[in-house]
Every structure is written in structure tokens, then in C-alpha cells.
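There are 2 protein chains.
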Amino acid sequence: MALRIEIDHTDGAARTGRMITDRGVIETPVFMPVGTRAAVKTLDTSDLERLGPPIVLGNTYHLMERPGADLIERMGGLHTFMDWSGHLLTDSGGYQIFSLEPKVSEESAVFKSVYDGSAVDLSPERSVQVQEQLGADIAMVLDVCPPLPSAREVQVDALERTLRWAERSKAAHTREDQAQFGIVQGGIDLEMRADSAQRTVDIGFDGYAIGGLSVGEDRTEMIPALAAATAELPTDKPRYFMGLGDPVGLVEAVANGVDMFDCVLPTRLARHGTALTSEGRLNLRNLKFAEDDGPIDPGFDHPWSNRFSRAYIRHLLVTNEPTAGRIITLHNLAWLSDLTAQMRAAIEAGTFAELRQSVLDVWVR
Amino acid sequence: MALRIEIDHTDGAARTGRMITDRGVIETPVFMPVGTRAAVKTLDTSDLERLGPPIVLGNTYHLMERPGADLIERMGGLHTFMDWSGHLLTDSGGYQIFSLEPKVSEESAVFKSVYDGSAVDLSPERSVQVQEQLGADIAMVLDVCPPLPSAREVQVDALERTLRWAERSKAAHTREDQAQFGIVQGGIDLEMRADSAQRTVDIGFDGYAIGGLSVGEDRTEMIPALAAATAELPTDKPRYFMGLGDPVGLVEAVANGVDMFDCVLPTRLARHGTALTSEGRLNLRNLKFAEDDGPIDPGFDHPWSNRFSRAYIRHLLVTNEPTAGRIITLHNLAWLSDLTAQMRAAIEAGTFAELRQSVLDVWVR
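Heads up: the sequence lines are chains A and B, in that order. With our numbering applied, the first sequence corresponds to residues 109 to 473, in that order. With our numbering applied, the second sequence corresponds to residues 109 to 473, in that order.
By construction, these hints were calculated from the structure, which means they are not laboratory data. Certain hints may be false.
Here chain B is said to cover these stretches of chain A; the calculated rule only asks that three of the stretch's residues, wherever they fall, bring their Cβ under 8 Å from a Cβ of chain B [unchecked claim]:
| hint | segment |
| --- | --- |
| 1 | 143 to 151 |
| 2 | 281 to 294 |
Partial list, derived from the structure: chain A residues whose beta carbon lies under 8 Å from chain B [unchecked claim]:
| hint | residue |
| --- | --- |
| 3 | R131 |
| 4 | S154 |
| 5 | R174 |
| 6 | M190 |
| 7 | W412 |
| 8 | H423 |
| 9 | L424 |
| 10 | E429 |
| 11 | P430 |
| 12 | R434 |
| 13 | I435 |
In this text, all values refer to a predicted model and were calculated from it rather than measured experimentally. Cβ atoms here follow ideal geometry from the backbone N, Cα and C, with glycine treated the same way.
So that you can see chain A by itself, here it is in the shape it has in the complex (with noise of 0.2 Å):
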């Protein structure tokens, strides 16, 4: 087996673990920062290994096109390309394709290039070959992501179409170093959502993981449906919220049982000037700001960001200084990763519930 995990403590429905491989041991709950193109944005691999995140994404269907997979594998994968020696994981390009508006036949999704206007055909076993090119640690099976909302019959071919393409893509996987993953789907509506949860389970993955959630619908419509397929989804197996990067979010996800989350919310604000804080988002390019002297955050001492005053960081943003994105992304990263480390401490205290609850008091309004 490429992958497991091992709980080592629970707090309700939370749970702390690491999660083992060849490549080492992963703490969980645990942030994944996106490296969409083999890079983080703004940041390079001596800065991740500083800022010390074990395991970042790298999305398929965008190394697939630039530079391609053959590259990628030629050049010794996409480790070596990076010359990261944490984990990766790589997502399927169904997130992807699913905003390309593709035709979907049984076979596979065909779409336009972003970057050419070609046509573009991934299949199951395609995107199983692309991913076993790139050679990242985890990789995850294509799905179908309708958008939500969705009429219910879109949501069931959806759902059904998923679970065929989850068998067609494990029966695809060849490389023993490579944990694959399953993905959950099933919209909003809970009989769906278990459902899904149970036959993906039936075919039988490295982990599974909970897909088209958190496109949109509300945190009251979200919760429930992530509680009945994690209801569903085995203890001795990672579970893994995809595109899931607000503070409410992670809580209310490790509150439910997830494991793992991605998203390119944290770095993507950064470098729209926009930091995680403990007094909730600052919009960093506010006049306000213009003479604050004092840190990012004063409520998270972080040496590589909180060294800068928010005056500074807002003279760099409004001077278009490239510098700003990266300290703010060097922020916004730690100040997750903290949360995950704060999350973890709590569930092993037994005070996950006081610590969730603090968090919504900041950023629910």
C-alpha cells in the first residue's frame, strides 16, 4: 500500500492523524497550498521548504498542457521538475475541464485548450497515465462536477457517471508508489451524498475524497451533505475536502472527520492584497492602513511576514511591488498552517469545540 493513516486522536467526529508513506509522514488536519503550475505563485521551493507545508498540489490538466506530461516524466517527474522532496498530490483536471463547459460522453470530457483553443480529450484512464507521468505521491480519480445548483437528474448521471469512471480509472493504476484516491460526489441532496459515499467506498481506494462542495452553495446546505459522506466513509482511511481554504470551512470540514483540504482562496487573496488574520480578512490596501505600524497580525507572531507593518506591505501593494504578494502569501500560508497546528492541539485536548466556535465568532458575520 502507497498510503495510510493512523489516528491518533478524536474529539467528536475530529480527528487527529498522520498519514504514512514511502516519502514520509503527513500531521493531519493538514492545509495543501496549490502549486497549479509546479510552482506556488510568488513563492519558489526553498521557500516551502521554509514555510515547511508537507505536501502541495499540482493540477493536472494545467501541467498536461504546459509543459506536458512527457516533459514532466522526461525530466524525472514532477518532484524533480520542482526539486520538492515534500509529498504531492495531484488533482484529476475534472475541477478544471468542469469550468471549460466540455462535451461529456461516456468515454470522456473533451474541451477547449485554455491555452490554444485546441481540443483537449481527457478520459478516465488519461488522466490515470497523466498523473502516473507526473508521479506525484497521491493522485486523484476524474469525476464528473456538475455545478450546483443542478437539477436532481444532472446531479445522478453526474454521480453515476463518477462512480464508472472510478472503477474504469483504479482499474487504470499501475504504479505501487502511487496512492489513488476516489471522489465522492452527490451535490447537496444527502441520500445522493451517501450514496456515492458507500459505492465509492465499495470499489475501494487509498482515500477518499469529497468533491463538488464549496462551489457556491451555503454553509448550512454544505455541512449536512459532508456529514452524510463522511458518515459513510471508513475510520482508517484519509478523508480529503477538495478546494476547501476558509477558516469556517476547515472547521466546520475537521469538525465532520476531513483530514486534508486544498484551495487557491489563501494564496490567490494574498496577491490580491487581502490577509487571514486573527480579526478576520484585512483588505491590507486600505487607506487605513496607510500609517499602521504595526504587523500583519498581531495575534499570530509569524518572523517572515510580521517583521514588515501593515504601512509597508500597503505602500508595496499600491505601488503594484511584486514584493507585497509574497509576503502577504508567506502570511496567508503560515496563518493556515497554524490554524491546522491550533486545530490539531485542540483535538487532542478535547477542546475542539471551543476552538471552532472561536473561529466562527471571527469570521461569521
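Once you've looked at the hints, dock chain B against the given chain A.
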């Protein structure tokens, strides 16, 4: 005195030394990276600390406009604003404003702001005042920078006015912890260069800069004009060639007794994908690097940039990932720093002529 230089070795006119201030010691010859708006583009202060330049430039014109000298002064000065404990030098604003077609009177230069089109009025005294508010270790006098080529009478007027403004700048200067450098003008006319140098020395400054060269003239015009100036400068004061950052320019300037240089070239080239290497300039966007798994410069072992392959950096460049500019910026600055270290070692060993020739062999085509 805020600054002195101790000359340690000479080899012909080339020299090594230590520039000593209250803040510390700068080994010369030294290349100074440019942090136009209080940041070297794509880098933060922690990067500078790891990279190790002993001194960085700030641009008086840009900083007086955004965020403003009053604000930086209230924030504790430019060192505190950037959280940079190394040395800083601020230019006078002259070079920038003379690219903005100013109306120059005996009193001052009036020109349109690049930020909002408003009229900006910069006099020698105002430049001194702004630079004292910024609080760099070294300040420059406001000079008149005519374009090359210019009519002789334009050059003469610029030279004479620069001298009168230098006297006013010296009279206006009050900070004892800040060195002030004069600037030699005179275009490519050898007599005018010598005259400007002598009379600037007569006014008396902590150091002397060569302005108005490396602005498009041939190397065969630049070097004699430079030599005509340095011949008149005292050996016990630092000499600074403003706006010089190409390898040929550096070895030629050092061969003529220059101690300090700055230029945006190495960082600007980096952001456009061009690396300085022992093989010359490399445009890393070139298709021929698409599968090149070698480092940027096999002849230069730098641990932060050379860990990445040309193939990886090319991929980041062609997909417009900001990480590319950062990696090449780190490389180019480290590479130029290494070139100055090589020059210092060669001068000490008495082999500077050989080093100069080896640089010309690669870079002059």
C-alpha cells in the same frame, strides 16, 4: 565623518577597499541592487539578508511620491520601513526627473508626476531634505542630467548648474549620520569631465559619483570620459558609477578605479527571463531550453537558483508564473555579487587584467 574608505590593494588603477560607516563595513568594489520603491522587485528583506548585498538603493523620486517622505520619516525612516539593517543609498531624483522632460530653472526642476500628472517641484535643497527624511546612509546631490548626445552648450550649462546645485546641496545637508556624495557630469568630453571632477572635489564631499554615462554612448566613448573624471578624484574617497550593471561595464569601471555601481538591469532582465551567466546572457524563454535539465549557469554554483533546471524555469516563464522572475532575480544578483568578489580577489592577487580580459572575451561580441 559619516563615511570613509580604506584602500587595501591596488592593481593598476583598480582597487579593493572597505567603506566604513557607523552601520558597518562594505567591501569594495560593490554592486548595489536597486530597491526602487523600498523593495527589490520580487524579493523581500529576508531574501536580501540571505543574498547578502551590503547596500541597497532606494529611489528618492519614487519614494517622495509614494508613500511620501513625511510618511517614511514618521515610520522611522527607510531602514525601519523596509526592516533592513544593511546600508542604504538614495539617489537624488535627478536621473528619474530628467527622463520626464522637466522645466529646469536655476532654482529647481519642475515636472509632471508619473503617478498623477500633478506638478512636482524639486530643488537641490528639497532633494537633500527628502533624503534626510528617508535617512539612507548615503545621499546624493541633485544633478542636471542632459541626454547623450547633447549640444556642447547644453552640456556646459548642465555641468555648471550641477556644480552650483552641488554647493547648495552641501549647504543644505544637516544629518551627520548621513554621507553626501557629489556627482561629476560633463558628457563624453574629456576636458569637461576633468573640470567637473576637479570643481566637485573643490566643493568637497564624502564620495564622488560619475553621472551621465552608460546612457547609450559607445564603450569607446564611455571609458575615456570615465578615466578623465577618476584621474581628478582623490584616492581616499569612494567613487561610484551611477547606473552601471553590465559585466563589461563593471570590469571597465573597476579597471578605472571605481568602487561602487548600481543598476536596475540585472533585476529587470531577470523579470523578462534573461540570466547573466558565464556563457553570457541567456534568454531562458528560448525553446532550446525546454528540456535542458542543467542549471542556469553550470559555471556558477549558487544553491538557491542552480537547484532549478533551465527546463523548469522556462516552463515558469512561458506560463507567466511570478516564481520565474524571482528565481532569476536571485540568480542575477548573486552572479553579479560573485563577479565583484572575483574582481576583489583578482586585484588582491594582481591578476585583474586577466579577469577583465576573460569577461570581455565572453561579453563583447
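Okay, the hints, checked on the actual structure:
Taking a C-beta to C-beta cut-off of 8 Å, the segment 143 to 151 of chain A contributes 7 residues in contact with chain B, enough for the three needed, and the coverage statement holds. Beta-carbon proximity to chain B at under 8 Å applies to 0 residues in the segment 281 to 294 of chain A; the threshold of 3 is not reached and the given coverage is violated. At a threshold of 8 Å, the smallest CB-CB gap from R131/A to chain B is about 19 Å, leaving the interface hint violated. The beta carbon of S154/A comes within 6 Å of a beta carbon in chain B, closer than 8 Å, and the hint placing it at the interface holds.
The restraint placing R174/A at the interface with chain B holds, with a minimum CB-CB distance near 5 Å, inside the 8 Å limit. Given hint, M190/A at the interface with chain B, holds; its Cβ is 7 Å from that chain's nearest Cβ, closer than 8 Å. Among the interface hints, the one on W412/A holds; its C-beta lies about 6 Å from the nearest C-beta in chain B, closer than the 8 Å criterion. The closest approach between the C-beta of H423/A and any C-beta of chain B is roughly 4 Å, which is under the 8 Å cut-off, so the hint is satisfied.
Evaluation of the L424/A hint against chain B yields a held restraint, the C-beta minimum of about 6 Å falling below 8 Å. Against a cut-off of 8 Å between C-beta atoms, the interface hint on E429/A holds, since the closest Cβ of chain B lies about 5 Å away. With 8 Å as the threshold, the beta carbon of P430/A comes within range of chain B, its nearest partner Cβ sitting at about 5 Å, so the hint holds. Here the hint on R434/A is kept, as its CB sits about 6 Å from the closest CB of chain B, short of 8 Å.
The beta carbon of I435/A is positioned within 8 Å of a beta carbon in chain B (closest approach about 6 Å), and the interface hint is therefore held.
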